[in-house]
Amino acid sequence: MITVNGITLDWYEGKTIHDVLQEMNYLFPLLIARINGKLIPRNKYDSTVIPDGATVDIIHLMSGG
Amino acid sequence: MADRGMITIEIDGKSVSVEKDTTILEAARSIDIFIPALCYSELVEPYAACRLCIVEVNDGRKTKLVTSCNYPVRRPITVYTSSESVMRNRKIILEMMLSRWPNVQVIKDLAKNAGIEQPRYQHPSVDLNPNACILCGLCMRVCEQGIWDNIINFMNRGAERAVRMPYDSEQPHCVGCGACAEICPTGAITMVEDPNQPFDAEMIRKAGMRITEEMIKFDKEQCDMRGVGTAHLVEIMDAYDLLPVMNYRFGKHEDTPKISSDVFRKHFTKGKPDGCWLGCIMACAKAIENFELKTGPYKGEKVLVDGPEYETVGGSSNMGIFDPYFVAEYNFYCDTYGLDTISFSTMTAFIMECYEAGVLDIEKTEGLELHFGAKDAALELLHQIGRGEGFGLIAGKGIRYMKKYFVENFGADPNFVYDIGMEAKGMEYSEYVTKESLAQQGGYGIALKGAQHDEAWLIFMDMVNKQIPTFEDKAEALHYFPLWRTWFSLCGLCKLPWNDVEPADNAETDEPAKVPGHVQGYCEFFEGVTGKPQTMDSLIRMSEKVYNFQRVFNLKMGFGRREHDAIPYRSAGPVTVTEYESRQERYDTQLREEVGIDPSGMSSEEKVARMRKFRETQYEHLLNAVYKRRGWTNDGVPTVAKLTELGIDFPDVIELVKKHGG
Chain B
553 MITVNGITLD WYEGKTIHDV LQEMNYLFPL LIARINGKLI PRNKYDSTVI PDGATVDIIH
613 LMSGG
Chain P
98 MADRGMITIE IDGKSVSVEK DTTILEAARS IDIFIPALCY SELVEPYAAC RLCIVEVNDG
158 RKTKLVTSCN YPVRRPITVY TSSESVMRNR KIILEMMLSR WPNVQVIKDL AKNAGIEQPR
218 YQHPSVDLNP NACILCGLCM RVCEQGIWDN IINFMNRGAE RAVRMPYDSE QPHCVGCGAC
278 AEICPTGAIT MVEDPNQPFD AEMIRKAGMR ITEEMIKFDK EQCDMRGVGT AHLVEIMDAY
338 DLLPVMNYRF GKHEDTPKIS SDVFRKHFTK GKPDGCWLGC IMACAKAIEN FELKTGPYKG
398 EKVLVDGPEY ETVGGSSNMG IFDPYFVAEY NFYCDTYGLD TISFSTMTAF IMECYEAGVL
458 DIEKTEGLEL HFGAKDAALE LLHQIGRGEG FGLIAGKGIR YMKKYFVENF GADPNFVYDI
518 GMEAKGMEYS EYVTKESLAQ QGGYGIALKG AQHDEAWLIF MDMVNKQIPT FEDKAEALHY
578 FPLWRTWFSL CGLCKLPWND VEPADNAETD EPAKVPGHVQ GYCEFFEGVT GKPQTMDSLI
638 RMSEKVYNFQ RVFNLKMGFG RREHDAIPYR SAGPVTVTEY ESRQERYDTQ LREEVGIDPS
698 GMSSEEKVAR MRKFRETQYE HLLNAVYKRR GWTNDGVPTV AKLTELGIDF PDVIELVKKH
758 GG
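Note that the protein sequences, when read in sequence, are chains B and P.
Each residue of the first sequence is one higher than the last, beginning at 553 in our numbering.
Each residue of the second sequence is one higher than the last, beginning at 98 in our numbering.
There could be a bad hint or two in this list.
Across the chosen pairs, the derived CB separations fall in these ranges [to be verified]: (1) B:Leu-591 / P:Glu-486: 56 to 62 angstroms; (2) P:Glu-107 / B:Leu-591: 42 to 48 angstroms; (3) P:Asn-247 / B:His-570: 38 to 44 angstroms; (4) B:Leu-591 / P:Lys-314: 17 to 23 angstroms.
Capping the alpha-carbon separation at 16 angstroms, the derived lysine to aspartate or glutamate pairs in EDC-like fashion look like this [said to hold, decoys possible]: (5) B:Lys-596 / B:Asp-571; (6) B:Lys-596 / P:Glu-116; (7) P:Lys-349 / P:Glu-116; (8) P:Lys-563 / B:Asp-609; (9) P:Lys-349 / P:Asp-338; (10) P:Lys-546 / P:Glu-676; (11) P:Lys-161 / P:Glu-181; (12) B:Lys-590 / P:Asp-602; (13) B:Lys-590 / P:Glu-605; (14) P:Lys-501 / P:Glu-486; (15) P:Lys-314 / P:Glu-123; (16) P:Lys-205 / P:Glu-181; (17) P:Lys-363 / P:Asp-321; (18) B:Lys-590 / P:Asp-607; (19) P:Lys-303 / P:Glu-676.
Rather than coming from a laboratory, the hints here were simulated on the basis of the structure.
Predicted model only: the values in this text are computed from it and were never measured.
In this text, a Cβ means the ideal position worked out from N, Cα and C, and glycines have one as well.
Use the sequences and the hints to build the structure in full.
Okay, here's the thing in structure tokens:
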């Protein structure tokens, strides 16, 4: 299991940030991703594997007026 | 999953994996291999004019010389950036350049590195100016591709070729953004005029160029403000259950794709008319040209529709209408009649719910069947408001008036209409569902002007990121962001360049939600204009004085106390059983985990009531925390101590707040 923004999600071998964004339907483009506090660059979302038990933060910034 | 679609190539013996169509120059720079280039910039499309970036490529079959700035990687290749052939040809190019522009420093440096001290011949058009134009074309390309303008371009041919404005004259259309001067590698372009005589024009330009570069490089992949403006939020809000549907009862709808940004992208007139402010690089104001109206006094005429923006589209879903042509038509007529699309759509959504609940009927609306989704009736209501006729006379006075009117004249249940009439301080809500964000409920309720999100938009921080879990956290956000956003208004600046494009290093900052790099830029704008150095804290302090003074003004006008920060319950939670049951799993879980009661066996009516009691109490706790953080009394009145600290303790102000316990 992993937690994403405080929500518990199933874990599987090879699960990436990209997979989490799809599972959570996080479509917003201005995102910051951290795995156990470590910043993950945007161009590594689909190649960074999340370890079991990890705490993932997907920080949404703001947009609009 | 790793390295999908990557191609591995070898450059000077080093391997690098890059995405298909990455250029050789980009691939080389990504592993710190320097290839000289004078006409290349990541801000514009490659041009291959200077030819200095030539490299030797072996694709397994043959070896050839190519320009690396525009050669896309599509298969494994071997690249040599300084082979004998490359160096010989590059040296010839540099020698020709040096013969024509012998005093341009960047050329002198590259020539020296290639072993050339003096050219062997003199160019017939030699230019001895150390800031000579070397015809790289970066300036005209950044103007066209980056700024979306065409102020400068090449004229003439051969030795007479030169960069000029059309007809070799000054162009009044040039907004003086300075991008051409900034990108020029030789200093051939300089800004000669600063009409407003700022303290430090260079400081302003440098700060502005950082935004310009970010927009050119990142906007397409970030918010696409230049493509579709704020309408990009429509499908995003739907995905997060935040798009108002049918008077804020729900946050998403299966028909949202019919009014998504991609639909409007097809209708927007590209490039023009564009930008609400001449020269704005964000240029998010979009327009639809030649739109044929189907109703109203201009029926059959082709007009320009200024929009739509997100709020106008969200207002349409709020009325249960998912038709882009309706959106354009009501957008146009609201503008034409001088009405706000937010106020019109939110009050019409309220009317529609009243109609469906039986508070209104066809007699009371004088013939308008105002069900959710009734686009023809909604447009007729809009025209009635414009003409000051029929039911439009009542509706046009807004939700606060209608609630009272419906109770007094139509026998409406006051509890119901006051729960679902989405206004605060007499202003209609803008288009976001706030039920799952207590901080945003405060953002609307406490806002000085009424229920507008432009003081604070905290839904993602609160509901999605869970960054501000405690009342104190939320109060801090409701202290900082309203003051920060007020600062833009004080200076007459748009806030969208602050938070609709993100600097490359924003994620690495301590407080990315504040976008510190952009706050620094605004400090420089202010200092560049006035000569007074600023910090984030000093900008906030400017706002705090004005913000507190505005609260005092509200107090003077009868709107500045706790009772005036109350919100309709629809803003905080599900009013009806239908709403509750549409998100039953979410609400049942919250009753169990946050309220601490077991919902099993309870009727939906009981669950709605228990949830309401909890959420209304939470809102009162939030007000307590916010007032405390702001230095106000528990009744929401600025204290004498706070006003004294801010230096706005004028006698009549002190007398007023003392009268209200401040």
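To see whether the hints hold, each was checked on the structure:
For the pair Leu-591 (chain B) and Glu-486 (chain P), the beta carbons lie near 60 angstroms from each other, so the given range of 56 to 62 angstroms is met. In this structure the supplied range 42 to 48 angstroms is violated for Glu-107 (chain P) paired with Leu-591 (chain B), their Cβ-Cβ distance being about 30 angstroms. Distance hint check for Asn-247 (chain P) and His-570 (chain B): the Cβ-Cβ separation is about 39 angstroms, which falls inside the suggested range of 38 to 44 angstroms. Between Leu-591 (chain B) and Lys-314 (chain P) the Cβ separation comes to about 20 angstroms, which falls inside the hinted range of 17 to 23 angstroms.
With a C-alpha separation of about 12 angstroms, the suggested pair Lys-596 (chain B) and Asp-571 (chain B) falls inside the 16 angstroms cut-off, and the hint holds. Only pairs whose Cα atoms come within 16 angstroms are accepted, and Lys-596 (chain B) paired with Glu-116 (chain P) is accepted, the gap being roughly 12 angstroms. Taking the CA atoms of Lys-349 (chain P) and Glu-116 (chain P), the gap is near 36 angstroms; set against the 16 angstroms cutoff, the hint is violated. A C-alpha spacing of about 9 angstroms is found between Lys-563 (chain P) and Asp-609 (chain B), which places the hinted pair at or below 16 angstroms, so the restraint holds.
In summary, the hint linking Lys-349 (chain P) to Asp-338 (chain P) is supported, as the alpha carbons are separated by about 5 angstroms, within the 16 angstroms threshold. Between Lys-546 (chain P) and Glu-676 (chain P) the CA atoms are separated by roughly 29 angstroms; this puts the pair beyond 16 angstroms, and the hint is violated. A hinted pair counts as satisfied when its Cα atoms are at most 16 angstroms apart, and Lys-161 (chain P) with Glu-181 (chain P) qualifies at roughly 13 angstroms. With a C-alpha separation of about 15 angstroms, the suggested pairing of Lys-590 (chain B) with Asp-602 (chain P) holds against the 16 angstroms cut-off.
Between Lys-590 (chain B) and Glu-605 (chain P) the CA atoms are separated by roughly 10 angstroms; this keeps the pair inside 16 angstroms, and the hint holds. A distance of roughly 20 angstroms separates the Cα atoms of Lys-501 (chain P) and Glu-486 (chain P); the hinted pair therefore is violated under the 16 angstroms criterion. Between Lys-314 (chain P) and Glu-123 (chain P), the direct Cα distance comes to roughly 14 angstroms. Compliance with the 16 angstroms bound is thereby established for this hinted pair. Under the criterion of a C-alpha separation no larger than 16 angstroms, the hint pairing Lys-205 (chain P) with Glu-181 (chain P) is inconsistent with the structure, at around 21 angstroms.
Distance hint between Lys-363 (chain P) and Asp-321 (chain P) is fulfilled; the C-alpha atoms sit about 14 angstroms from each other, no more than 16 angstroms. For the hint linking Lys-590 (chain B) to Asp-607 (chain P), the alpha-carbon distance of about 13 angstroms falls within 16 angstroms, and the restraint holds. For the hint pairing Lys-303 (chain P) with Glu-676 (chain P), the CA-to-CA distance comes to about 51 angstroms; that exceeds 16 angstroms, so the pair is violated.
Checked against the numbered hints above, the structure violates hints 2, 7, 10, 14, 16, 19; every other hint is satisfied.
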